[in-house]
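S.K.: Here the protein sequences line up with chains L and B, keeping their order.
In terms of our numbering, the first sequence opens at residue 2 and continues consecutively.
In terms of our numbering, the second sequence opens at residue 2 and continues consecutively.
Keep in mind the hints are simulated off the structure, nothing from the lab.
This one's a predicted model, so the numbers in the text were calculated from it and none came from an experiment.
Please note that a few of the clues may not be correct.
Claimed, not checked - Restricting the straight-line Cα-Cα distance to at most 30 Å, the calculated cross-link-like pairs of lysine-lysine (BS3-like) are:
{"hint": "1", "chain 1": "B", "residue 1": "K7", "chain 2": "L", "residue 2": "K91"}
{"hint": "2", "chain 1": "L", "residue 1": "K43", "chain 2": "B", "residue 2": "K64"}
{"hint": "3", "chain 1": "B", "residue 1": "K142", "chain 2": "L", "residue 2": "K116"}
{"hint": "4", "chain 1": "L", "residue 1": "K18", "chain 2": "B", "residue 2": "K43"}
{"hint": "5", "chain 1": "L", "residue 1": "K116", "chain 2": "B", "residue 2": "K91"}
{"hint": "6", "chain 1": "B", "residue 1": "K64", "chain 2": "B", "residue 2": "K131"}
As the list claims (entries may be wrong) - Some chain B residues near chain L, calculated using beta-carbon distances under 7 Å:
{"hint": "7", "residue": "V24"}
{"hint": "8", "residue": "D33"}
{"hint": "9", "residue": "F114"}
{"hint": "10", "residue": "P170"}
Stated by the list, open to error - Computed, partial: chain B to chain L, Cβ under 7 Å:
{"hint": "11", "residue": "K7"}
{"hint": "12", "residue": "R14"}
{"hint": "13", "residue": "F17"}
{"hint": "14", "residue": "I20"}
{"hint": "15", "residue": "L21"}
{"hint": "16", "residue": "W25"}
{"hint": "17", "residue": "E28"}
{"hint": "18", "residue": "M31"}
{"hint": "19", "residue": "F32"}
{"hint": "20", "residue": "S35"}
{"hint": "21", "residue": "E40"}
{"hint": "22", "residue": "P66"}
{"hint": "23", "residue": "G140"}
{"hint": "24", "residue": "L154"}
{"hint": "25", "residue": "E169"}
Note that the Cβ used here is the ideal one computed from N, Cα and C, for glycine as well.
Here's the letter readout for the chains.
2 protein chains.
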Amino acid sequence: MTRPRKRIPEHGRMAFKGILFEVWQWEQEMFDGSTSTFERLKRPDTAQVIATVGDKILSLMQKQPDSTQAFPSIPGGRCDEREEPLASAKRELLEETGYTSDDWRLWKETEPFSKMEWTVYTYIARNCTKVQEPHLDAGEKIELKLISFDELLALTDADDFYDRELVEPLLRARYSESEKQKLFALFFGDGQ
Amino acid sequence: MTRPRKRIPEHGRMAFKGILFEVWQWEQEMFDGSTSTFERLKRPDTAQVIATVGDKILSLMQKQPDSTQAFPSIPGGRCDEREEPLASAKRELLEETGYTSDDWRLWKETEPFSKMEWTVYTYIARNCTKVQEPHLDAGEKIELKLISFDELLALTDADDFYDRELVEPLLRARYSESEKQKLFALFFGDGQ
């Protein structure tokens, strides 16, 4: 489910560069020949991981410094500048959980918000094994939880499930037996 | 499906005010006692409408000045400053389609993006009637289309369906007969 990309045009200029977000503007010709200033955002891409361990999936209960409530998510985080999304996914999985895998594939590439150049890459890492303790930074409090495939699908009912762009494909699998089998095989392999 | 709201704290300051977006920043205490600058966006809220005409729903094929492709959506747009969302919904429906209704109810209030103070209000307007021709502004090219309830549900498969926050509830109705009946009654009344 990827929408056609709307890009900031060549003649756009960066009007503001913040900590996370950049604001870009350009003069846009309207349908009646007049012009108007248009605006779009940029932010670093995100890489996240469906990481399987046996027949379970690694989930996180995470707390952030500006909120008292923990929320469920999968491992992942911001891509560093000039870092390939797959490298970011591997780094974030290792940092947040201490797990690695040698069986990676890209599952989804979504652009959640039409007025923002921002891509979320979701990878599948099969048969993960633990190689170290997690290395969390000062802005992270994370509790690891191994959940079943059905428990992952049930997260589509959780208002505070962080990874909203996964709700749509997980809902399809939850409601359609054939979609569910396909997704299960993708996450865990088909036994061959 | 509303997530717990994460608000810009009292001591936040506006670092940039653009055409559409504001960037806010504040010093956040981290878990280890250090501080870090956090950032969040604000933008005007959106009001949109499931508008029924007989047993059909008003949909739009819309073009925007910065894209050559038309995309499907429902009527709606930006809330003006100090305008109540219901008033915005009525205004946008009238401007974009020429239709009005005297039977309005709020269906959904969603905050699509956790790092942005932005609420999307989705209203249901039953039994709409046409009272004037649409009044489009210089940034709009719109073709009206009356679609069936099933055609609306099928838009969940369209990559370019604009109203992404509706995909989740529409998918649930598409896959669950009981959810479908509930939603149909909500949109069209239960015949009483």
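S.K.: Are the hints correct? Go through all of them and say.
M.R.: Verification of the supplied hints:
1. K7(B) to K91(L): Given that 30 Å is the threshold and the Cα spacing comes to 29 Å, the pair holds.
2. K43(L) to K64(B): Holds, at roughly 23 Å.
3. K142(B) to K116(L): Holds, at about 18 Å.
4. K18(L) to K43(B): With a Cα-Cα distance of about 15 Å, the restraint between K18(L) and K43(B) holds, given a limit of 30 Å.
5. K116(L) to K91(B): Cα-Cα ~24 Å, so holds.
6. K64(B) to K131(B): Holds - the C-alpha atoms of K131(B) and K64(B) are around 22 Å apart, at most 30 Å.
7. V24: holds (5 Å)
8. D33: Holds. Min distance 4 Å.
9. F114: This interface hint holds because 6 Å falls under the 7 Å limit.
10. P170: With a closest approach of 10 Å, the P170(B) hint is violated.
11. K7: holds (6 Å)
12. R14: The hint is violated - R14(B) has no Cβ within 7 Å of chain L, the shortest such distance being about 12 Å.
13. F17: holds (4 Å)
14. I20: holds (5 Å)
15. L21: Status holds, d = 5 Å.
16. W25: violated (9 Å)
17. E28: Because about 11 Å separates E28(B) from the closest Cβ in chain L, which is outside the 7 Å limit, the hint is violated.
18. M31: holds (4 Å)
19. F32: holds (6 Å)
20. S35: holds (5 Å)
21. E40: With a minimum Cβ separation of about 5 Å from chain L (threshold 7 Å), the hint on E40(B) holds.
22. P66: holds (5 Å)
23. G140: With Cβ-Cβ at 5 Å, under 7 Å, it holds.
24. L154: violated (12 Å)
25. E169: holds (6 Å)
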